[in-house]
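Going down the list, the protein sequences come from chains A and B.
Going by my numbering, the first sequence opens with residue 1, and the numbers climb by one from there.
Going by my numbering, the second sequence opens with residue 1, and the numbers climb by one from there.
A couple of the hints might just be wrong.
[To be verified] With a cut-off of at most 25 angstroms between alpha-carbon atoms, the simulated DSS-like pairs for lysine-lysine come out as follows:
#1 K24/B x K56/B
#2 K574/A x K46/B
#3 K37/B x K27/B
#4 K2/B x K82/B
#5 K586/A x K56/B
#6 K72/A x K5/A
#7 K24/B x K37/B
#8 K56/B x K574/A
#9 K481/A x K2/B
#10 K82/B x K27/B
#11 K56/B x K356/A
#12 K64/B x K481/A
#13 K24/B x K49/B
#14 K481/A x K46/B
#15 K43/A x K612/A
#16 K56/B x K588/A
#17 K37/B x K56/B
#18 K24/B x K82/B
#19 K49/B x K37/B
#20 K358/A x K56/B
#21 K82/B x K64/B
#22 K44/A x K481/A
#23 K27/B x K64/B
#24 K574/A x K356/A
#25 K64/B x K40/B
#26 K46/B x K64/B
#27 K358/A x K44/A
[As the list claims (entries may be wrong)] Derived contacts from chain B toward chain A, CB cut-off under 10 angstroms, selection only:
#28 I8
#29 T9
#30 V12
#31 L85
Don't read these hints as lab results, they were simulated from the structure.
Just so you know, even glycine gets a beta-carbon here, dropped at the ideal spot from N, CA and C.
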Amino acid sequence: MDYRKCAQEIYDLVGQRENLVSAAHCATRLRLVTNDNSKVDMKKLEDVDGVKGVFSSNGQLQIIIGTGAVNKVYDEFLDISGMTAATKADVKAAAAAKQPLPFRMVKALGDVFVPILPAIVAAGLIMGLLEGMTKIWPDMANSGTYQIFHLFSNAAFVFLPILVAVSAARVFGGNIFLGAVIGMIMVHTDLVNAWSVAGMLENGEVIPQASVWFGLYKINLTGYQGHVIPVIIAVWFMCFLEKKLHEKVPEMIDLFVTPLVTVLVTGYLTLTVFGPIFSTLEEWILIAVQWIITIPYGLGAAVAGAIYPLTVVAGVHHMYNTVEARMLGTGYNTWMPIASSANFAQGAACFAVALKTKNQKFKTLALPSSLSAFLGITEPAIFGVNLRLVKPLVCGMIGGAVGAAVGAMLGIGATAYGVTGLFGFLTCADFIWQYAIMLAVSFAVSFALSWILHRDQTDDGEGEAAAEEPALPEVTCEPGKVYAPIKGNVIPSAEIPDETFAAGVLGEGIGIEPEEGVVYAPFDGEISSTTDTRHAIGISSPDGMELLIHVGVNTVAMEGDGFELFCAEGDQVKAGQKLMTFDIDKIKAAGYSTTTAVLVTNSDDYPGLTIKEGACEPLDCVISITEEEAEPAEEVTETVEEVTEAAEETAEAVEEATEV
Amino acid sequence: MKEFSYTITDSVGIHARPAGVLVKLIKPFASKCTITKGDKTEELGKLMKVMGMGIKCGDTVVIKVEGSDEAAAAETIENFFKENL
Chain A
1 MDYRKCAQEI YDLVGQRENL VSAAHCATRL RLVTNDNSKV DMKKLEDVDG VKGVFSSNGQ
61 LQIIIGTGAV NKVYDEFLDI SGMTAATKAD VKAAAAAKQP LPFRMVKALG DVFVPILPAI
121 VAAGLIMGLL EGMTKIWPDM ANSGTYQIFH LFSNAAFVFL PILVAVSAAR VFGGNIFLGA
181 VIGMIMVHTD LVNAWSVAGM LENGEVIPQA SVWFGLYKIN LTGYQGHVIP VIIAVWFMCF
241 LEKKLHEKVP EMIDLFVTPL VTVLVTGYLT LTVFGPIFST LEEWILIAVQ WIITIPYGLG
301 AAVAGAIYPL TVVAGVHHMY NTVEARMLGT GYNTWMPIAS SANFAQGAAC FAVALKTKNQ
361 KFKTLALPSS LSAFLGITEP AIFGVNLRLV KPLVCGMIGG AVGAAVGAML GIGATAYGVT
421 GLFGFLTCAD FIWQYAIMLA VSFAVSFALS WILHRDQTDD GEGEAAAEEP ALPEVTCEPG
481 KVYAPIKGNV IPSAEIPDET FAAGVLGEGI GIEPEEGVVY APFDGEISST TDTRHAIGIS
541 SPDGMELLIH VGVNTVAMEG DGFELFCAEG DQVKAGQKLM TFDIDKIKAA GYSTTTAVLV
601 TNSDDYPGLT IKEGACEPLD CVISITEEEA EPAEEVTETV EEVTEAAEET AEAVEEATEV
Chain B
1 MKEFSYTITD SVGIHARPAG VLVKLIKPFA SKCTITKGDK TEELGKLMKV MGMGIKCGDT
61 VVIKVEGSDE AAAAETIENF FKENL
């Protein structure tokens, strides 16, 4: 893929520099903020080579390009646009300014949580593995190594407020170290560990209290282990205060006054106001979620499982980590199976589309997206495929609901959070079979529905074909000439790696080693035959030339898998019209040569054929009927020489390319 | 007129290559050869048409040969079917 070209096309289609506010990228997407999204031609953006999907969300224009490629396209994009690299946070801030308040708050929550996910996932996986292993070898729990690892596994959870505070300070533009201090205050060892409170109350111990605000009321001196929202609120306030202070305080005393006042005021307010209020609210959220999922017979879980993907679309799903962290404080994480079922179902719906669609571009997007979803990362599947087609999203929601209900009825609980899907087995070590059943159910329901309901939109296919056609040069067909149906490298038919083709049994012509899996009509004519296996097309010209385009060698055995026809027997076609697409990788994977025979089956009717070897673009003239006066013998010798030369040139070109 | 029917045993049926060989095979003969599968009949000399019939393993086809050298042609074709398809 040509990164420069891809970047240039995107740049042009989004309305160039004057319409761009900022640009950033994440693992798979180019994230742009534009002045006016309506100036962006979404439809054309989707058709840019290299672009797997486009959507506009939360004020950002997100262009899915894919892991590995996105950073290269991004670099080119910056180069072309003359913009400087923005961090994702900058882009989000620019986008956030355009959002209504509740949305911004929800977004902030996600922004804070996403950067610390690796820490949470690591801790969660260690926890899952440890749990699993102690199930297998119960003695292990007594070993020193286990105790050390156990320490690793819960460190991130015990000190979660510090991680959250640092991340939040970064998102809200404050000093991250002051943020860390606020986080540390909230889990200070002098405060009673929040996870010990319940036990202490049971034992009749008294929770130490402190009288605050000059005796106005008392607070419990308990920590905020595992809490998230009060931390974020506190740090948000801290950043607000810090910035104001930087503005007002004279520069001379700024260095000690600002941090001092910031920590004093924020700390006091946090422990006496924000903390108590928001831990109460958090309690309610938790209660609400817990209430929903306790609706019996799995109904509550079904509701939660159904709406889960919608919350992913809105970007609020990271908030569930809060709920899950709280759940782990009191036992199993029963939200995780719901999320896992929902995610797996989205993956299954996407997988069904991947298998069923005949649109190659969509297939190549849907397949890896679905696999990613099976591992718990659903954004590519949801944004790239399911949301765009709507039906798979709904099918996934239904599958997720059924799966979640099954999961709830089987009583599945996880020992960590941060992972779902297949990796979820690691954190559901107590419920391996139940978890497998749940995933199987959500997969089956979602896949089946999606498979039944999915229809390739024929309009789309035609639209694509129409969009691609103008890209090719117009050709005025001359009788007796064949224009290259495929982009690739032309070789004489004698070199096709198949005896029958090489021997000219089916006629003389050329082989093309394809670079792109698209077959265009090689001249104006009539489709004289197609096969059920879709790998070969016969076309005849008005002046009587019969041409066979046979994609790959032995590909008849693939029984059509990977091939799609855009024409039918008897169709009148124009040169350059798309006739067929084929999946080069699939043919290679099946172990066949992709070399495509383009043969004049009635070549006996002509005195001879002149062919043009080497690299060809679609619709380059590659075969023409030799004039009667040409001397065939000479032609052949020349041809052979040319072939050798061409081969050498290609080898050189490849070497150069590799060096560059 | 000579006529025989044959049930395809080759796993992928009459695809491009055998069709090509068949067409070449009957070229020297003057007789008119046709191949019939179900209600579809095509001239055996037309590669595209034969391929387009999509004759698969298990299909039964009827070959008809009519003309001056029909006996020889039919024999050649039948041998080819037996050996290759």
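message: Hinted pair, alpha-carbon criterion (25 angstroms max): K49/B, K37/B. Please report holds or violated.
response: holds (12 angstroms)
field: Status of the hint placing V12/B at chain A (closest C-beta pair under 10 angstroms)
entry: Constraint on V12/B satisfied, holds at 5 angstroms.
field: Holds or violated: K481/A to K46/B, with C-alpha atoms at most 25 angstroms apart
entry: Holds, at about 21 angstroms.
task: Quickly compare the C-alpha distance for K56/B and K574/A to 25 angstroms and report which way the hint goes.
output: violated (31 angstroms)
- prompt: Can the restraint linking K2/B and K82/B be considered satisfied, given a maximum Cα separation of 25 angstroms?
  reply: Status holds; Cα separation ~17 angstroms.
message: Interface hint check: L85/B, Cβ to nearest Cβ on chain A, cutoff 10 angstroms. Holds or violated?
response: violated (13 angstroms)
message: Holds or violated: K24/B and K49/B, Cα atoms, limit 25 angstroms.
response: holds (14 angstroms)
K64/B paired with K481/A [C-alpha distance capped at 25 angstroms]: violated (36 angstroms)
field: chain A contact restraint on I8/B - CB to CB distance below 10 angstroms
entry: violated (13 angstroms)
task: Quickly compare the C-alpha distance for K64/B and K40/B to 25 angstroms and report which way the hint goes.
output: Satisfied, since the Cα-Cα distance of roughly 13 angstroms is no more than 25 angstroms.
query: If you draw a straight line from the CA of K37/B to the CA of K56/B, is it 25 angstroms or shorter?
result: The hint holds at about 10 angstroms.
message: Hinted pair, alpha-carbon criterion (25 angstroms max): K46/B, K64/B. Please report holds or violated.
response: Satisfied, since the Cα-Cα distance of roughly 14 angstroms is no more than 25 angstroms.
Checked against the numbered hints given earlier, the structure breaks hints 8, 9, 12, 15, 22, 24, 28, 29 and 31 and satisfies all the rest.
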